[in-house]
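Below are the chains, spelled out letter by letter.
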Amino acid sequence: MSTAESGSALLSQQARGAVTVAKKNALIYYFKPPVLIFGVLFPVFFFLAFSLGRSMPADRIVPAMVAMALWFTASAVGPLVTPWERTSRTYERLISTPIAIQAIVAGDVLSGFAFGISFSLVPLLLGLAFTDTAVASATSLVCGIVLGALAFSSLGVLLAAPPVHGPSYIMMLSNLVRLPLLFVSGIFVPIAEMPAWARWLAPISPLSYCADCIRRGFGETGYFPFWLNPLMLVLFSALFSWAACRFHIRSRAHGL
Amino acid sequence: MDEMIRVRGLTRHYGELVAVDHIDFEVHRGEIFGFLGPNGAGKTTTIRMLTGVIDPTEGSASIDGHDIRTKAIAARRHLGILPEDANVYVDLTVWQNVMLMGELLGAGRRERRLRGEELLETFGLQDRRAQKGRALSKGLRQRLMVCMALIGDPDLLFLDEPTSGLDVASARLIRQIVAERNRRGLTVFLTTHNMGEAEELCDRVAIIDHGKIAAIDTTEGLMRVARSRQSVDVEFAGESPPAAELEAIPDVTAVKRDASRYVLYSEQPGQVAQQIATLATERGYDIAAISTRKPSLEDVYLFLTESNGSP
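Sequence order for the protein chains is F and Z. Each residue of the first sequence is one higher than the one before, counting from 1 in UniProt numbering. Each residue of the second sequence is one higher than the one before, counting from 1 in UniProt numbering.
Honestly, I wouldn't trust all of these hints.
What the hints assert, rightly or not - Computed far set for chain F versus chain Z, every beta-carbon distance over 12 Å:
{"no.": "1", "residue": "W200"}
{"no.": "2", "residue": "E220"}
{"no.": "3", "residue": "A253"}
Unchecked claim - No more than 27 Å apart at the CA atoms, straight line, and that leaves these computed lysine-lysine pairs for BS3-like:
{"no.": "4", "chain 1": "Z", "residue 1": "K294", "chain 2": "Z", "residue 2": "K256"}
{"no.": "5", "chain 1": "F", "residue 1": "K32", "chain 2": "Z", "residue 2": "K138"}
{"no.": "6", "chain 1": "F", "residue 1": "K32", "chain 2": "Z", "residue 2": "K294"}
{"no.": "7", "chain 1": "Z", "residue 1": "K132", "chain 2": "F", "residue 2": "K23"}
Claimed, not checked - Simulated restraints, written as ranges between beta carbons of each label pair:
{"no.": "8", "chain 1": "Z", "residue 1": "P38", "chain 2": "F", "residue 2": "I249", "range": "23 to 33 Å"}
{"no.": "9", "chain 1": "Z", "residue 1": "E111", "chain 2": "F", "residue 2": "F50", "range": "51 to 61 Å"}
{"no.": "10", "chain 1": "Z", "residue 1": "K212", "chain 2": "F", "residue 2": "R16", "range": "35 to 45 Å"}
{"no.": "11", "chain 1": "Z", "residue 1": "T57", "chain 2": "F", "residue 2": "A9", "range": "42 to 52 Å"}
{"no.": "12", "chain 1": "F", "residue 1": "R16", "chain 2": "Z", "residue 2": "G15", "range": "36 to 46 Å"}
{"no.": "13", "chain 1": "F", "residue 1": "R89", "chain 2": "Z", "residue 2": "T57", "range": "17 to 27 Å"}
By construction, these hints were calculated from the structure, which means they are not laboratory data. Think of the CB as a built atom: it goes at the ideal place given N, C-alpha and C, for glycine as much as any other residue.
Make a model of the complete structure from these sequences and hints.
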């Protein structure tokens with residue numbers, strides 16, 4: 001077999017491994033209480049806190065709800081998987097298979113990605129069915145949802161990478177990161193209307209670019225240049241995934 | 001002979017602690033290699049390095065010619081592993097656990113289904129295929145883990161304390177299947193505290209103590225190493241000679257007394273037995289029973305891992 005052929009066979013084997021890891025995660029973790037609480041109930045309660053008693057136009061609520069649902073759901077699976085597997089003593093089994101750490105991380109990202117997209121479709125479809133909002137740019141909306149899910153899922157996997165035993169510590173850490181970013185990302189108040197300090201912080205949050213993309217999808221004016229949103233979401237995804245791999249590889253080198 | 005595992009200077013530090021200290025050994029293709037040692041001697045750390053769970057601090061190792069660091073994926077491709085500390089996926093059924101592991105090990109759908117059916121049948125798990133991992137007893141869970149280790153049809157099987165804490169039937173079943181698979185060409189790397197198991201299964205044994213290899217040989221070869229653990233057991237009917245009289249027999253290194261029974265340690269147990277018989281005839285002692293005893297693997301193990309090795 002030539003080098004190119006063996007390289008492509010290896011890549012295909014690792015891709016299959018990543019899909020298997022994602023399927024395993026879907027079977028085991030999608031319906032675990034921490035995922036349902038932090039991934040599904042959190043955005044519902046935030047939505048209620050955000051919208052009840054305030055007269056806000058539907059075209060502002062629907063994009064915000066879609067972005068927020070995506071933020072919480074896509075980043076909810078990752079923080080649970082590795083700590084749970086370390087505690088239940090299945091992580092060692094996984095890393096001793098012929099699947100590279102990079103493929104395991106890709107599988108974890110993929111499972112969060114699929115979970116995020118599936119659950120964010122609920123507010124999207126409800127919004128389109130029961131309000132007068134309409135999609136103005138399908139490209140922008142799809143781009144926001146797909147790339148946003150990828151970036152948020154990668155963030156979730158990165159948060160789970162430090163070698164701790166017990167999912168509770170990581171779930172707490174993930175909320176410490178996710179909640180502050182939620183408030184500076186233009187979900188509740190558009191970035192242009194936020195105070196100056198928050199406008200300075202908005203660019204460090206991947207949610208800002210995703211929300212901007214989704215708002216554009218519903219015909220609202222964007223805050224960032226259009227091209228910047230997908231670019232930043234791709235960069236965040238790559239950075240988070242790379243850092244997660246580094247953490248896992250370092251943990252293994254240190255025997256943690 | 002063809003080497004399946006080759007280890008050179010393999011070392012693992014945990015901070016100041018040296019868990020495995022420059023060990024060298026080879027495991028030949030098709031053999032069952034026992035890796036014995038007291039708790040904390042470095043057995044599991046060695047397995048964890050060889051199976052890619054942790055990186056070595058120094059040294060090198062290869063599996064089937066593939067370096068475990070530079071060709072890690074290739075090295076792990078044909079392994080079956082039963083880790084001591086691992087578990088099954090308790091939220092998945094028996095069948096899902098086996099299929100998941102088959103998929104992770106790269107077995108095709110038809111192949112893993114066929115093999116999975118056969119393994120569940122062999123390990124008596126067919127009736128429990130829809131049962132979740134959490135509902136299984138320790139023995140059944142261990143059987144499932146062996147199924148998961150074998151589903152990829154490995155060339156090399158790592159077994160870390162496979163029968164520890166199991167009921168007799170489960171332990172025997174696992175030993176039988178390991179021996180049977182070995183006859184079909186499977187190479188096995190086995191750590192165990194059960195000396196009988198090692199003696200029954202292993203072609204060669206390495207004894208590790210404080211992170212260093214104390215000895216490697218066939219079980220018979222190791223028993224020869226501990227020649228001073230050979231003994232003569234003699235029981236007298238009626239009056240027994242004083243211990244000092246037995247200690248004075250040439251080549252006897254130590255004497256232990258238990259009521260009317262004596263154990264005389266010697267590298268020449270046959271000659272010592274003859275001299276005891278002569279002594280008894282001359283002094284009028286009545287020998288009720290006399291036998292020579294070769295050291296067991298347990299004796300060898302204790303001889304090599306105890307500080308001075310004396311009886």
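Hint check:
1. W200: holds, 42 Å
2. E220: About 42 Å separates E220/F from the closest Cβ of chain Z, which puts it past 12 Å; holds.
3. A253: A253/F is in fact no farther than 12 Å from some Cβ atom of chain Z, at 5 Å.
4. K294/Z <-> K256/Z: holds, 16 Å
5. K32/F <-> K138/Z: holds, 24 Å
6. K32/F <-> K294/Z: violated, 58 Å
7. K132/Z <-> K23/F: holds, 17 Å
8. P38/Z <-> I249/F: 23 to 33 Å: holds, 32 Å
9. E111/Z <-> F50/F: 51 to 61 Å: holds, 52 Å
10. K212/Z <-> R16/F: 35 to 45 Å: holds, 41 Å
11. T57/Z <-> A9/F: 42 to 52 Å: violated, 32 Å
12. R16/F <-> G15/Z: 36 to 46 Å: Since R16/F and G15/Z have Cβ atoms about 38 Å apart, the given range 36 to 46 Å holds.
13. R89/F <-> T57/Z: 17 to 27 Å: holds, 24 Å
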